[in-house]
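Sequences are here, hints too, so could you generate the full structure?
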Amino acid sequence: MTVLATPDKTGSGFPLGFDPILDPSPLQYLDEHGALSGPLRDDAAELAPDQLLATWRAMVVGRRFDLQATTMVRQGRLAVYPSSYGQEACEIGAMLALRATDWFFPTYRDCVSMVTRGIDPVEALTLLRGDWHCGYDPQRWRTAPQCTPLATQAPHAAGLALAAKLAGDDTVALAFCGDGGTSEGDFHEALNFAAVYQAPAVFFVQNNQYAISVPLAKQTHAAALAHKAVGYGMAGVRVDGNDVIAVRRVVAEAAERARAGHGPTLIEAVTYRMQAHTNADDATRYREDSEVEYWRSRDPLARLETYLKARGLLTEAVVAEANQAAEALADDMRARLGEEPEVDHRDLFRHVYAQPTPQLLEQAVALQAELDAEAEAEAEAGAEAGAGAGATTNAGAGAGAEGDPEAGR
Amino acid sequence: MTTTLDTAAQRVRNTEISLAQAVNRALRDAMTADDKVVVFGEDVGVLGGVFRVTDGLTRDFGEQRCFDSPLAEAGIMGTAIGMAMYGFRPVVEMQFDAFAYPAFEQIASHLAKMRNRTRGTLPLPVVVRVPYGGGIGGVEHHSDSSEGYFAATPGLHVVTPATVSDAYTLLRAAIESDDPVIFMEPKRLYWSKDVLETSGPAIGTAAVRRQGTDATLIAYGPTVSTALEAADAAAAEGFDLEVVDLRSIVPFDDETVCESVRKTGRAVVIHEAAGFGGTGAEIAARVSERCFHWLEAPVRRVTGFDIPYPPPKLERHHLPSVDRILDVVASLQWEDR
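These protein sequence lines map, in sequence, to chains A and B. So for the first sequence, full-length UniProt numbering puts the first residue at 1; every next one is plus one. So for the second sequence, full-length UniProt numbering puts the first residue at 1; every next one is plus one.
One thing to keep in mind: the hints can contain errors.
Unchecked claim - Take a look, some chain B residues computed to stay more than 12 Å from chain A by CB distance:
1) Asp55
2) Pro154
3) Trp191
4) Pro201
5) Ala235
6) Gly238
7) Arg324
Said to hold, decoys possible - Straight-line distance between alpha carbons at most 20 Å, and here's what the computed SDA-like set of lysine to any residue pairs gives:
8) B:Lys36 with A:Asp170
9) B:Lys36 with A:Ala167
10) B:Lys36 with A:Lys218
Simulated from the structure, these hints should not be mistaken for lab results. A virtual CB, placed ideally from N, CA and C, is assigned to each residue, including glycine.
Dropping the structure here:
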């Protein structure tokens with residue numbers, strides 16, 4: 001068991017009585033063979049059938065989402081998709097440990113988490129489909145836009161957590177990042193700020209061993225990323241990132257500590273990126289198949305299924321229901337992502353400022369004029385071609401756009 | 001008693017305060033008006049900031065409203081963004097112009113883009129106060145004019161006061177704005193004094209500081225006073241110069257600037273930052289595009305050289321001076337007049 005802790009200045013200690021240990025082997029409750037291996041009591045909430053089955057079902061649905069998204073990239077329906085296949089214990093276990101009022105700060109690889117939080121799959125894929133930068137309302141889902149510049153969302157989590165603390169709310173902010181992200185300055189600054197202000201934040205590092213092609217050994221010389229917590233004076237936990245029972249538990253404990261006023265926690269979840277970085281990457285250039293096969297044998301979903309079967313919880317009805325839900329989700333994705341997304345050129349100017357500047361208003365009018373001229377030329381070309389009947393035009397699309405990007409919306 | 005109070009109020013009204021005190025007053029009044037306004041940054045707490053701009057705020061509002069941060073500008077900026085996402089209105093201080101550069105990624109990648117990224121659902125009402133500019137004998141990294149980097153980043157408002165009253169009113173407007181505002185404070189004007197007027201213009205409006213008919217000097221922040229001095233000196237030589245104080249670089253007040261240039265037919269843009277790719281280049285281009293048929297001479301610029309900011313003993317050669325402005329004014333093809 002690995003929990004890194006520094007003496008708590010407030011004297012409150014860690015609620016579960018962990019001692020500072022610098023053992024980098026990850027905390028695990030369920031070993032790679034699906035057998036209980038950790039110090040969980042039989043009556044632990046994590047082992048209750050309802051909770052286990054809800055977790056498993058979310059993993060089945062989440063994996064189906066991921067596979068469908070990967071397929072849709074190949075079909076040209078998404079511009080790009082960074083898969084989290086094999087990281088479902090992190091993606092889902094962490095989410096299920098949060099409350100709806102907690103905030104989540106995802107990266108581009110965390111669509112599965114977002115869908116687990118309840119975000120519409122199509123809205124979750126807006127960024128990767130290319131019709132806008134963020135498809136959902138962050139306030140509604142307490143989920144920040146997916147962050148692309150590595151670890152730059154971590155200080156936002158620290159700031160939001162500080163704000164919640166100042167407001168007297170029991171909101172917790174959880175930020176994801178990868179092993180590569182821990183090399184960024186913003187990661188360091190975020191952890192330091194959160195610790196100094198004792199902000200209720202959880203920093204969850206999915207150590208999936210690769211930052212595109214660069215392996216962990218070239219990212220850090222530290223024995224464990226979780227050790228960095230000691231330097232910031234915060235709790236640090238290294239957990240088996242393919243053990244969803246352990247992930248869910250350490251995140252719940254970290255959130256509980258944060259809510260109780262004991263400050264932030266750094267969690268390192270040891271997992272593996274089974275797919276290439278994205279569809280545009282070729283993982284065979286930098287890693288061996290045998291390595292991938294080794295990690296396949298540690299698959300988080302298969303592991304949980306082995307355990308659930310041993311307990312007799314995976315009944316035919318339960319499996320059928322989950323598969324049906326997963327296929328319904330995939331069908332829905334195929335149907336809705338199969339359509340061309342609607343984009344509106346006026347969105348280019350609408351949201352840059354609360355009120356567009358005079359210069360943006362001029363530019364919006366200029367673009368509208370270009371598009372009107374294009375539409376007119378197309379209409380004329382259509383008429384000349386003698387098509388006459390059936391020629392569609394977009395003429396009039398710009399009506400009412402005189403200097404007002406909101407006009408005709 | 002009423003008489004006494006009126007007299008006291010009169011005295012307060014007529015008392016001159018410094019530009020730094022005007023910024024402090026604006027912060028106080030904004031913090032009083034809205035408890036979501038918080039101030040933080042390096043040394044802004046007990047010390048009151050290295051320029052004493054936040055003097056007494058921690059004492060009077062408590063550490064929850066004005067607090068010191070760890071020494072990390074990206075962290076300050078990112079923390080402010082997170083707080084704004086939760087409904088706060090942070091006002092952060094970047095201790096010196098060149099110390100804001102570590103925060104630039106947070107500013108350019110998130111602060112400027114979040115509203116647009118989220119189709120308006122996640123606005124970031126953050127004010128970034130940046131003491132900037134030279135003329136104070138500062139060592140390297142204490143005298144940059146960095147407004148151009150911010151002005152070239154869509155999604156930000158960039159304002160800079162040149163008077164005590166504008167320092168107050170523009171900062172109040174910046175804090176009330178739902179958009180992020182980079183508030184550039186000309187540090188060599190911190191100690192300049194005037195009577196404070198607390199009602200003032202909206203962000204995005206320039207001011208004509210001096211009426212004139214022969215040429216327009218376009219300045220902002222620390223160069224406004226230099227431009228006014230130059231206009232006074234030019235008057236002695238028979239030139240009647242108009243001086244426009246931009247106050248707001250973004251949004252840019254094309255209307256006021258162009259109205260002035262169309263009237264005078266000549267324009268000189270003045271700023272401390274390097275000329276190449278500087279804000280003055282944008283202004284000269286805008287004026288040329290819009291006022292070409294009214295111009296009697298090319299739009300000229302008086303700017304810092306295209307060099308890293310010089311050491312204190314050499315900075316006088318670098319900064320736009322009255323003489324340099326007068327020389328450029330004299331070159332504006334007056335033989336055609």
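Checked hints:
1. Listed as a non-interface residue, Asp55 of chain B keeps its Cβ farther than 12 Å from every Cβ of chain A; the least gap is roughly 22 Å.
2. Interface exclusion of Pro154 of chain B from chain A breaks down, the closest Cβ pair being 6 Å apart, not more than 12 Å.
3. Against the 12 Å criterion, Trp191 of chain B stays outside the reach of chain A, whose nearest CB is about 33 Å from its own CB.
4. With a least CB separation of 15 Å from chain A, Pro201 of chain B remains clear of the 12 Å interface cut-off, as annotated.
5. Its beta-carbon lying about 33 Å from the closest one in chain A, Ala235 of chain B satisfies the requirement of being farther than 12 Å from that chain.
6. Distance to chain A confirms Gly238 of chain B as a non-interface residue, since its nearest Cβ pair spans about 36 Å, more than 12 Å.
7. Non-interface call for Arg324 of chain B relative to chain A: holds, since the shortest CB-CB distance, roughly 30 Å, exceeds 12 Å.
8. Using a Cα cut-off of 20 Å, the hinted pair Lys36 of chain B and Asp170 of chain A holds, with the two alpha carbons roughly 18 Å apart.
9. At most 20 Å may separate the alpha-carbon atoms for a hinted pair to count; Lys36 of chain B and Ala167 of chain A meet this at roughly 9 Å.
10. Under the criterion of a C-alpha separation no larger than 20 Å, the hint pairing Lys36 of chain B with Lys218 of chain A is inconsistent with the structure, at around 43 Å.
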